[in-house]
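Asks: With the sequences and hints as input, model every part of the structure.
Residue numbers (my numbering), protein chains in the order written: chain S, 1 to 265; chain R, 1 to 167.
Honestly, I wouldn't trust all of these hints.
[To be verified] Restraint-style ranges between C-beta atoms, simulated for each label pair:
no., chain 1, residue 1, chain 2, residue 2, range
1, R, P54, S, T5, 15 to 21 Å
2, S, K56, R, P54, 30 to 36 Å
3, R, R164, S, T5, 45 to 51 Å
4, R, I109, S, F15, 40 to 46 Å
5, R, C110, S, Q31, 26 to 32 Å
It is worth saying that the hints were derived from the structure and are not from the lab. Predicted model only: the values in this text are computed from it and were never measured. Virtual Cβ for every residue (Gly too), placed ideally from N, Cα, C.
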Amino acid sequence: MKWATSRLYKNRKLFLIIAGLIVPLLLFALQLDQKTFVARPLQEVFYTPFWSISNKLTALVNVYNDNMALKSENVRLKFERMTFEQNRLEDQRFREMLRLLPRPDYKLISADVIAHDQGRRWSSAIIRASEYIDQFLPVVDEKGLVGKIASSTGTVATVSLLIGPNCRVAARDNQTRTLGIIKWNTGRGLLLDGVAVENDVFPGDTIISSGMGGVFPEGLTVGVVAKVDTIPTEVFKQVVVEPFVDFGSLDNVMVMKPLSGSFGN
Amino acid sequence: MVIRIFKFLLLAYLVTFSQTILSNLTSILGIAPNFGTIIILLIALRTEYQVALPTSFAVALIIDALSPETLGLGTAVRFAIAVAVSEIRQHIDIEQLPAQMYLLIGSEICFQTLFQALANSFDFGTLSTIYLEVSLPTLVYTVVVGFVVLAMADLEFKIEVKRRGLG
Numbered sequence: 001m002k003w004a005t006s007r008l009y010k011n012r013k014l015f016l017i018i019a020g021l022i023v024p025l026l027l028f029a030l031q032l033d034q035k036t037f038v039a040r041p042l043q044e045v046f047y048t049p050f051w052s053i054s055n056k057l058t059a060l061v062n063v064y065n066d067n068m069a070l071k072s073e074n075v076r077l078k079f080e081r082m083t084f085e086q087n088r089l090e091d092q093r094f095r096e097m098l099r100l101l102p103r104p105d106y107k108l109i110s111a112d113v114i115a116h117d118q119g120r121r122w123s124s125a126i127i128r129a130s131e132y133i134d135q136f137l138p139v140v141d142e143k144g145l146v147g148k149i150a151s152s153t154g155t156v157a158t159v160s161l162l163i164g165p166n167c168r169v170a171a172r173d174n175q176t177r178t179l180g181i182i183k184w185n186t187g188r189g190l191l192l193d194g195v196a197v198e199n200d201v202f203p204g205d206t207i208i209s210s211g212m213g214g215v216f217p218e219g220l221t222v223g224v225v226a227k228v229d230t231i232p233t234e235v236f237k238q239v240v241v242e243p244f245v246d247f248g249s250l251d252n253v254m255v256m257k258p259l260s261g262s263f264g265n
Numbered sequence: 001m002v003i004r005i006f007k008f009l010l011l012a013y014l015v016t017f018s019q020t021i022l023s024n025l026t027s028i029l030g031i032a033p034n035f036g037t038i039i040i041l042l043i044a045l046r047t048e049y050q051v052a053l054p055t056s057f058a059v060a061l062i063i064d065a066l067s068p069e070t071l072g073l074g075t076a077v078r079f080a081i082a083v084a085v086s087e088i089r090q091h092i093d094i095e096q097l098p099a100q101m102y103l104l105i106g107s108e109i110c111f112q113t114l115f116q117a118l119a120n121s122f123d124f125g126t127l128s129t130i131y132l133e134v135s136l137p138t139l140v141y142t143v144v145v146g147f148v149v150l151a152m153a154d155l156e157f158k159i160e161v162k163r164r165g166l167g
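Replies: If you want it as structure tokens, here you go:
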């Protein structure tokens, strides 16, 4: 026994090496369930705390990634909602225009105001239509008459606005049927010109296009009479008309194209 | 004795930390450095064989416990590496960093070759794929990380030598 112990001690390194190689190889030879049985206590003691931390860290990293993804989705949805809102408003405006303008002998071409003429903010605007448009066609929006096409390069055109010096409209008082010419009033609303002092026009009356002159069809709303002045030395009344259209916020308009023949030239 | 047990437990938890959290954090495209080889190499380089061999065995067994399918195989290969490094250390001067790097590269090549060959029953078709897609990137990554670890250990060793006035 003593001899064996002394031999073992002398060759302890060799013994360690042999044992260190044989034991794991025996472990490797075991069945999987037996290996699991051996591995489980080691896992419980050494790995469980770190697994728990690792899971939490992974969850934390995932939360960050999810948060970033959600933020980006949120921005996208906000943008999409804004686009939908814009489309809804545009759709609403076009519906109102169509309701206001049920004219079977005209084709209504939708157009967007893309710019105002530099330096002539209140006299002309540039529009882009959905199809080819000609010169002199009337332009309206959901509130009434906007102006007429002054020049066109196809789908892009310049509109002479009603409140500018280049647009005159044959109009009448919708209540008294008095005729006149709507023209600009040096930047302050419109004037219904040519109303004789003996003709009746009252504040609050609606002014519509009369259809005379050929450019604008009859019945397009122009504005409301704001003030009527009678000067004894003048033969015409001074009729100030407030336009229905808000020219400061023009966005979508309709170009009225006659379905048959040329109109307005 | 208590201090020895405490030191071993500390080492064991360091190993499991490296195998779980550190591995996850340093993993690039599913490839993580083989911290097991680096730790076994450090143990074999820094302690006498009476301590190095049992410690390496225990550490290798703890690493192996992570995947019961190959339990024992990794332990045997890592223990063999620890024995080889211990033997080399007794006969050749490997205090310098380049020598330690050669040992690390050799150890990782041995580990990947032996472990994958035995784990895949010498199926060379599978082995070539595994070697190219897993072993080789792991080897490169382990060498890079190992260089940093060994360089830090070397620096710490040099500071210690200087502090004790042995240099």
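Asks: Each of the hints needs a verdict: does it hold here or not?
Replies: Evaluated hints:
1. R:P54 - S:T5: 15 to 21 Å: holds (19 Å)
2. S:K56 - R:P54: 30 to 36 Å: Given range 30 to 36 Å: holds, Cβ gap about 34 Å.
3. R:R164 - S:T5: 45 to 51 Å: Cβ of R164 (chain R) to Cβ of T5 (chain S): about 39 Å, so the range 45 to 51 Å is violated.
4. R:I109 - S:F15: 40 to 46 Å: 28 Å Cβ-Cβ, so the 40 to 46 Å window is violated.
5. R:C110 - S:Q31: 26 to 32 Å: The hint (26 to 32 Å, Cβ to Cβ) holds, given that C110 (chain R) and Q31 (chain S) are roughly 28 Å apart.
The structure is inconsistent with the numbered hints 3, 4, although it conforms to all the rest.
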